[in-house]
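Visitor: Sequence:
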Amino acid sequence: MIRETLQQHMQANISASIDNPVIDGRWHSGRGKGKDKISYVGHHLPKGLLVRYRHWKESGEECFVWKEWGNEQGEYIDPDEYRQRRQEAQAKADAAAAIEAAERARLLGILQTIISESAPASHGHTYIERKLILSIGARQATKRYEIAPATTEGRAQYITPDDLLIPVYSHTGALQGIQQITSTGYKLMRGTFKDGLLWIGGGLSTGEVPNRLYIAEGWATGVAVHMRTRNPVVVAFATSNLLAAGKWARDRWENAEIVFAVDNDLGSKIRVRGAEIENPGKYYAERAALAVNGAVITPPGNEKSDWNDWHTAQIAGKIPDLL
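Using my numbering, the letters of the sequence shown map in sequence onto residues 1 to 323.
What the hints contain is simulated information worked out from the structure, not anything from laboratory work.
Being a predicted model, the structure only gives us computed values, none of them experimental.
One thing to keep in mind: the hints can contain errors.
Stated by the list, open to error - With a straight-line Cα cutoff of 25 Å, these simulated SDA-like cross-link-like pairs (lysine to any residue) come out:
#1 Lys304 x Leu132
#2 Lys194 x Ala101
#3 Lys92 x Arg52
#4 Lys187 x Glu303
#5 Lys92 x Leu49
#6 Lys37 x Glu62
#7 Lys269 x Arg250
#8 Lys37 x Ser305
#9 Lys194 x Ser170
From just these sequences and the hints, can you work out the full model?
Guide: Below, the structure written as structure tokens:
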């Protein structure tokens with residue numbers, strides 16, 4: 001009954017649900033069609049269970065909360081029993097946190113090894129050729145690495161020499177993750193995107209417009225913008241990182257012109273604090289631009305696209321050069 005109640009709650013809010021949620025105080029991602037964008041974390045609390053979850057496509061950054069107490073009307077718990085429950089819940093939370101920290105450290109160690117042993121990506125990589133860009137900032141592994149062993153939830157996961165590797169750095173320059181892009185364009189995040197960055201290009205004096213810095217969501221988009229302008233580009237990796245990337249840039253270059261070159265997500269919608277938001281890329285970019293006194297540009301046209309789409313179409317002679 002508890003699982004059905006949670007699933008009903010998820011279906012009502014994000015139109016998808018997790019079949020077998022793991023309640024262990026750690027963040028998990030759903031598997032299967034429609035579930036790969038669900039993230040959730042469940043906790044055992046003195047009064048019952050609590051689950052926080054979100055769906056990147058349906059709800060963006062907004063988290064929903066579901067709880068199942070022993071008595072919805074207000075269960076009386078003897079103080080000694082409550083104290084024992086609280087201690088047990090804290091012990092479970094501490095154990096889950098320790099496991100999570102150990103797993104993050106293990107994975108980060110593997111990712112650091114992969115990047116240190118990697119080579120610059122080939123300009124002839126299938127994904128790069130399809131995007132009509134250079135391999136600026138990208139790497140490729142020199143051998144096969146196991147990222148995660150096989151479990152009851154899924155197969156073992158690997159990074160191979162055929163994969164494109166995009167390093168993700170923290171605001172202090174430390175490696176915090178890798179975006180793995182297969183030859184077919186399938187993308188996987190290893191480590192964490194949160195507040196992650198990647199600098200593409202030279203300094204603020206190297207571009208066609210001096211003192212201008214672009215911020216883009218995706219790596220291929222960022223490279224396309226740099227190739228067109230020669231200005232430096234910061235890749236933010238996610239719409240939710242645009243504000244943090246903008247603040248990072250503004251803190252370092254007080255007088256720079258910051259331009260968010262973002263996707264034109266026509267037809268896409270998310271929910272933010274209960275309100276339905278259209279064109280989430282533009283929405284987050286405009287909020288970020290307002291906070292750092294920047295500007296926003298989206299690809300022209302009436303179809304969903306990003307600046308790499310525009311770049312490839314312009315090369316094919318379909319549209320004029322407008323950037």
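Visitor: Now tell me if each hint is right for this structure.
Guide: Outcome of the hint check:
Restraint check: the Cα-Cα separation between Lys304 and Leu132 comes to about 19 Å, which is no more than 25 Å; the hinted pair holds. Of the supplied pair hints, the one linking Lys194 and Ala101 holds, its CA atoms being roughly 16 Å apart against a limit of 25 Å. Proximity of Lys92 to Arg52 is assessed by CA-CA distance (about 17 Å); at most 25 Å being required, the pair is judged to hold. About 23 Å separates the Cα atoms of Lys187 and Glu303, which keeps this hinted pair within 25 Å; it holds.
Distance check on the hinted pair: Lys92 and Leu49 sit about 12 Å apart at the alpha-carbon level, within 25 Å; holds. Proximity of Lys37 to Glu62 is assessed by CA-CA distance (about 13 Å); at most 25 Å being required, the pair is judged to hold. Using a Cα cut-off of 25 Å, the hinted pair Lys269 and Arg250 is violated, with the two alpha carbons roughly 29 Å apart. In summary, the hint linking Lys37 to Ser305 is supported, as the alpha carbons are separated by about 20 Å, within the 25 Å threshold.
The hinted pair formed by Lys194 and Ser170 meets the criterion: a straight-line CA distance of about 8 Å does not exceed 25 Å.
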